[in-house]
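Asks: Each chain, letter by letter, is given below.
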Amino acid sequence: MLTITDLHARIGDTEILKGLTLHVPAGEIHAIMGPNGAGKSTLSNVLGGKPGYEVTGGSVAFRGQDLLALAPHERAAAGLFLGFQYPVEIPGVSNVQFLREALNSQRRQRGEEPLSGGEFLKLAKDRAGLLQMDMDMLKRQVNVGFSGGEKKRAEMVQMGILDPSFALLDETDSGLDIDALRIVGAGINAIMRSPNKAVLLITHYQRLLDVVTPDKVSILADGRIVETGGPELALRLEAEGYDSVMA
Amino acid sequence: MIHNGKNSRSTIISKGISAGKSSNTYRGLVRVGPTASGVRNFTQCDSLLLGDQCGAHTVPYIEVKNPSAQIEHEATTSKISDEQLFYAMQRGLGEEEAVALIVNGFAKDVLKELPMEFAVEAQKLLAISLEGSVG
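Same order as they appear, the protein sequences are chains A and B.
To convert, take the position in the first sequence, counting from 1, and add 204; that gives our numbering.
To convert, take the position in the second sequence, counting from 1, and add 14; that gives our numbering.
Treat the hints as calculated values from the structure; they're not laboratory data.
Treat the numbers as computed from the prediction; the structure is a model and nothing was measured.
Mixed in with the good hints, there may be bad ones.
20 angstroms max Cα-Cα, derived PhoX-like pairs, lysine-lysine [said to hold, decoys possible]:
no. : chain 1 : residue 1 : chain 2 : residue 2
1   : A       : Lys401    : A       : Lys420
2   : B       : Lys122    : A       : Lys343
3   : A       : Lys254    : B       : Lys93
4   : B       : Lys122    : B       : Lys138
A short, non-exhaustive set of chain B residues, derived as facing chain A with CB atoms under 8 angstroms [as the list claims (entries may be wrong)]:
no. : residue
5   : Gln98
6   : Arg105
7   : Gly108
8   : Ile116
9   : Gly119
Just the calculated beta-carbon pair ranges, DEER-fashion [unchecked claim]:
no. : chain 1 : residue 1 : chain 2 : residue 2 : range
10  : B       : Asp96     : A       : Ala265    : 24 to 30 angstroms
11  : A       : Val259    : B       : Glu88     : 41 to 47 angstroms
12  : B       : Glu88     : A       : Ala394    : 40 to 46 angstroms
Heads up, the beta-carbon is just placed ideally off N, CA and C, and yes, glycines get one too.
Next comes chain A alone, as it looks inside the complex (with noise of 0.2 angstroms):
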């Protein structure tokens, strides 16, 4: 699904992936854990094409495409799916309208028929039942005033209504309560795991990994994955820490 191979890239002058390679194929959830400053926000930017970034060397392979070759709508097409570490509002514009706006370009990317208001309120109705979110909720507009638990929640139930094969979640358990991490992890469970999706999980803590349980585990720190294990490698690190387990 995804094959990363000896990533290099930089913002500026500092260069953050040192050689990154990484393959997830369909069917995995990956979780990816690494001390701050590792770059692995950076890895999400550059998977999702945020400009300011600078690739030098290496390649990306999604589905058998040249990732990298393509805009970031194009790769929201071709079934990408960036979950924000930290979602950004946009006054005046509803989540309905927004997310309705953006399915329908999808579609009509890939050829197919953009969805009827009607058709598209019942899938996101049915999409938000699944994050026990209120359709009043999608009413809003798009992350104005949700708090930062709401935001995260939000963020899944667009990936829901987008319904991407590739799902790059960025410290989606950031700033979520017991309830909603469970409902969160419920909810990329249901909606990702499926033998056709694939997912990478960015974060910090073992408690998000108890709800969705991770296929490999993968240690990036100084721009490269060091280390990939089982599940079994998260509780090590929660255990013993970083430095320890990189040993």
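Fit chain B to the known structure of chain A by using the hints.
Replies: Frame of chain A, contents of chain B only:
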């Protein structure tokens, strides 16, 4: 806005959008006559800048002849942030679609007051006149 009646109230909402090398100026007079007591006015001027070579100016004029009037003026200037643009594009919108969506959101307080046909027309006009303005 001229207030001659007692306890009369008004709201002015101005949304200015500047792109390229354009500059946008709001000038508005709020006048309260001597016999008009208890008048209230609220004026809000929001400017949105697209790019770094455009400007926005707000020049409110206030003439009050009756001391009981309450006149408020609020002005904001904002830009479409790179974060907003990337967020919208990551969800599947092309760059121009994303700009049009964000700009329409900005202008919503005004657009929603228009009759349906005009609002649709105004939205399309906005999208056309912004074509190629971001980069």
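Asks: Now tell me if each hint is right for this structure.
Replies: A quick look at each hint next to the structure:
1. Taking the CA atoms of Lys401 of chain A and Lys420 of chain A, the gap is near 15 angstroms; set against the 20 angstroms cutoff, the hint holds.
2. For the suggested pair Lys122 of chain B and Lys343 of chain A, the alpha carbons sit about 14 angstroms apart, so the restraint of at most 20 angstroms is met.
3. Only pairs whose Cα atoms come within 20 angstroms are accepted, and Lys254 of chain A paired with Lys93 of chain B is accepted, the gap being roughly 18 angstroms.
4. Of the supplied pair hints, the one linking Lys122 of chain B and Lys138 of chain B holds, its CA atoms being roughly 13 angstroms apart against a limit of 20 angstroms.
5. Among the interface hints, the one on Gln98 of chain B holds; its C-beta lies about 5 angstroms from the nearest C-beta in chain A, closer than the 8 angstroms criterion.
6. Interface hint at Arg105 of chain B: satisfied, since its Cβ lies 4 angstroms from the closest Cβ of chain A, which is below the 8 angstroms cut-off.
7. The restraint placing Gly108 of chain B at the interface with chain A holds, with a minimum CB-CB distance near 5 angstroms, inside the 8 angstroms limit.
8. Taking 8 angstroms as the C-beta cut-off, the interface hint given for Ile116 of chain B holds, the closest approach to chain A being about 6 angstroms.
9. Proximity of Gly119 of chain B to chain A holds as hinted, the smallest CB-CB distance being about 3 angstroms (cut-off 8 angstroms).
10. Between Asp96 of chain B and Ala265 of chain A the C-beta distance comes to about 27 angstroms, which sits within the given range of 24 to 30 angstroms.
11. The supplied range of 41 to 47 angstroms is met by Val259 of chain A and Glu88 of chain B, whose beta-carbon atoms lie about 44 angstroms from each other.
12. For Glu88 of chain B paired with Ala394 of chain A, a C-beta distance near 44 angstroms keeps the hint of 40 to 46 angstroms intact.
The structure shown violates none of the earlier numbered hints.
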